[in-house]
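Dock chain A against the given chain W, drawing on the hints supplied.
These protein sequence lines are chains W and A, in that order.
Going by this note's numbering, 272 is the number at position 272 of the first sequence; the sequence numbering is gapless.
Going by this note's numbering, 33 is the number at position 33 of the second sequence; the sequence numbering is gapless.
Worth double-checking, as some hints may not be accurate.
Said to hold, decoys possible - Quick list of the computed label-pair ranges, beta carbon to beta carbon:
| hint | chain 1 | residue 1 | chain 2 | residue 2 | range |
| --- | --- | --- | --- | --- | --- |
| 1 | A | Leu34 | W | Ser144 | 18 to 26 angstroms |
| 2 | W | Gly209 | A | Glu342 | 47 to 55 angstroms |
| 3 | W | Arg116 | A | Arg161 | 53 to 61 angstroms |
What the hints assert, rightly or not - Cross-link-like lysine to any residue pairs, in silico, SDA-like; alpha carbons within 25 angstroms at most:
| hint | chain 1 | residue 1 | chain 2 | residue 2 |
| --- | --- | --- | --- | --- |
| 4 | A | Lys81 | A | Val38 |
| 5 | W | Lys96 | W | Leu139 |
| 6 | W | Lys142 | A | Ala35 |
| 7 | W | Lys142 | A | Leu34 |
| 8 | W | Lys142 | W | Ala159 |
| 9 | W | Lys142 | W | Glu191 |
Because the hints were derived from the structure by calculation, they are not lab data.
Where is the CB? At the ideal position from N, CA and C, for every residue including glycine.
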Amino acid sequence: MSGDEGRMEGRVKGRPEGVHYGGAEGRAEADELLRVEGLEVHFPIRRGALDLLPGRQHGAVRAVDGIDLTIRRGEVLALVGESGSGKTTTGRVVVKLTAPTGGRVVFDGRDVTNLRDAAAMRDYRQRVQMIFQDPYETLNPKQSIGDFVAEPLDVNHLASSADDRRQRVLAALDAAGLRPAEDFARRYPHELSGGQRQRVVIAGVLVMGPELVVADEPVSMLDVSIRTELLRLMLDLRAERGLTYLFITHDLALAWVLADRIAVMYLGRIMEIGPAEGVIANPHNPYTRALVSVSPTTTPPAAGVRATRTILVGETPDAAHVPTGCRFHPRCPLAFDRCRAEEPPLFDVGGGQAAACWLAEGGRDLPILAGIPLPGVGVATPAAGDELAAGDEAAAQA
Amino acid sequence: MTAGVERPPRALPRLAVPGAPLLEVDDLRTHFTLAGDVVRAVDGVSFRLDAGEALGIAGESGCGKTTTALSLVRLLPANAKIVGGSIRLHGIDLATRSETAIRRYRWREISIVFQGAMNALNPVARVRDQIAEPIVERLGVDGRTARRRAGELLELVGIPRARGSAYPHELSGGMRQRAMIAMALACDPAIVIGDEPTTALDVMVQAQILDLLERLRERLGLSLILITHDLSVIAETCDRVLIMYAGRVAEEGPVAEVFTRPRHPYTQKLLNAFPNIQADRRTLDVIPGSPPDLRNPPPGCRFAPRCPMAMAVCSEIVPPEVAFGDRVRVACHLYPEGSSGEPIAVPAVAQVGQA
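So here's chain W without its partners, still in its complex pose:
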């Protein structure tokens, strides 16, 4: 049986009864702000002009490969993954910067996957906004802060008068903690520190009065002390304005501090999802467990602690060559035959948590004593012909 069939089975039939990927069960549907169903983003690989002809496709980069998510109003959901996991692409689909090739996006009860109507699109752009990673690249060096923040109002013709425009800009700057707002509105990006620039970016988002904010690594370029101030601003805005966040990050520890729920992505799929506490303290997917074990800590290692880290061998495979079966199996220290053939669906493991791993079937714990991570350096067999992975293995065993 080919692995592809297994994968299809996982995707089509993969949603066991009674599992709410959206989190706590029994919540009123009205609570739900965003739902993503079976989302797929496949970028075709074209080698030449002839490939533009129908039926000539050479394959695809499966950046996002069938994910389901829900976010409740006022919730912070963290999407955690390494480079190439599809977390940023997922965020871009939600804000409609990238078109999905499959699945649908439902916002506030309405399918927004294919918004054609300009008015509906404008409405959506007001309600869903994105914060990008690099405040240095987001800002235009020749544009004053006031004009930058006003730009979304101008583009969408939202300000009724020059005075209304000004008031909205000042209110947004003030809400982003740039006070006195009038003073900041006149400045230019080079006059601001990195933390202030990211606040300007946040003001540019707030001016639209959004309900959902997709924040893509909003603090990863910043120093710790500036970082914590911005995180505080983000949480304050949630408390004051009921903002909902899709927080995209590579940093599991940061997600743990900020998020209500965490979804861990690997190569375009969700490997585990659930309340932050549960995912971190009791991961049911070997990938999550490995990520937790290597998550940076400032506690100096005691003798022997080093041995409890699971350093995975090799690197995340390329999304154009997704392994068959469970896409994590070539690097998984616990992989067995079924993992190589069939892709596991998300299994409910209780407490609103679900893990995509055959070992979690029926809600079982990973076959390791609770609390003790996988032993030593992982020695997964690298995929045949993958010399990079082989090199890493050599290093790991050196």
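Just chain A now, kept in the frame of chain W:
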């Protein structure tokens, strides 16, 4: 640490002072000139590094940690100058050597792995040739020998020898960082400085690189200086840590002491601002304010304007560095000479997170 399983005992440089410590930096001052103003990027930094030891230098952007590293290898930008202090390698002062004389020591005694391997590698040269180049240049061997040595170095850092013919863009971020490390090892130095060696890498790749550095240190008996803003990197790989703030040393000592019983209020805040999955705490301390402008630093303690514990003396007199019995030295008026040195917990001014 059993030094050098694989390599013969290193010959000391000709001018080495017998019995001198490996590296001793004393009152180093490196200043920048920026549009007529003097920026005191490094303003009186002292530390020592012994053979086989790993020292971490931590701090936020602009604290002078990278400038300190560049001063050690004398690769400062044109507008920067070492204006005072000494850098003694085996007793030889590198701070005052001529540009020609310094070449005897750079790469051969102290080498550096720059941050951002993507930008530091030459995009149009094969990785193997880039590693071989300094070997030919510095050690005066022929090209074939150098390329063979480059192949060995690549294997040492976990890149298959055959991949040496690749160009940088053909390698992943982790592989490029490994190649940078191989390059730093090319002339068999005693000290390797890593300037943010794992920043911008994924956590799993970061763990692989740190693991590699650890193994290399044991196997080759290297001494390491890791420059990073990421305290966790230091907690996991270093013996000692030096916390810098605004061009000066705030606290320095064994990792086990400084990270578990931090004394300086800045060290405490920095540690509490770091998210830690292994801790039960889900809140982070917020450090209000921002570091001072080093063109015109505040008198007294430079952290005083942001310090919740600041006293009148702090804004007037520069706190002297005081060493305590557990080999930790602190520059803070809370711990004067002759005090017990018992850490004084700084209250959180503001916190963020899911309490």
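Consistency of the hints with the structure:
no. : hint                                       : result
1   : A:Leu34 with W:Ser144: 18 to 26 angstroms  : 24 angstroms, holds
2   : W:Gly209 with A:Glu342: 47 to 55 angstroms : 52 angstroms, holds
3   : W:Arg116 with A:Arg161: 53 to 61 angstroms : 56 angstroms, holds
4   : A:Lys81 with A:Val38                       : 11 angstroms, holds
5   : W:Lys96 with W:Leu139                      : 21 angstroms, holds
6   : W:Lys142 with A:Ala35                      : 21 angstroms, holds
7   : W:Lys142 with A:Leu34                      : 22 angstroms, holds
8   : W:Lys142 with W:Ala159                     : 23 angstroms, holds
9   : W:Lys142 with W:Glu191                     : 12 angstroms, holds
Taken one by one, the earlier hints all hold for this structure without exception.
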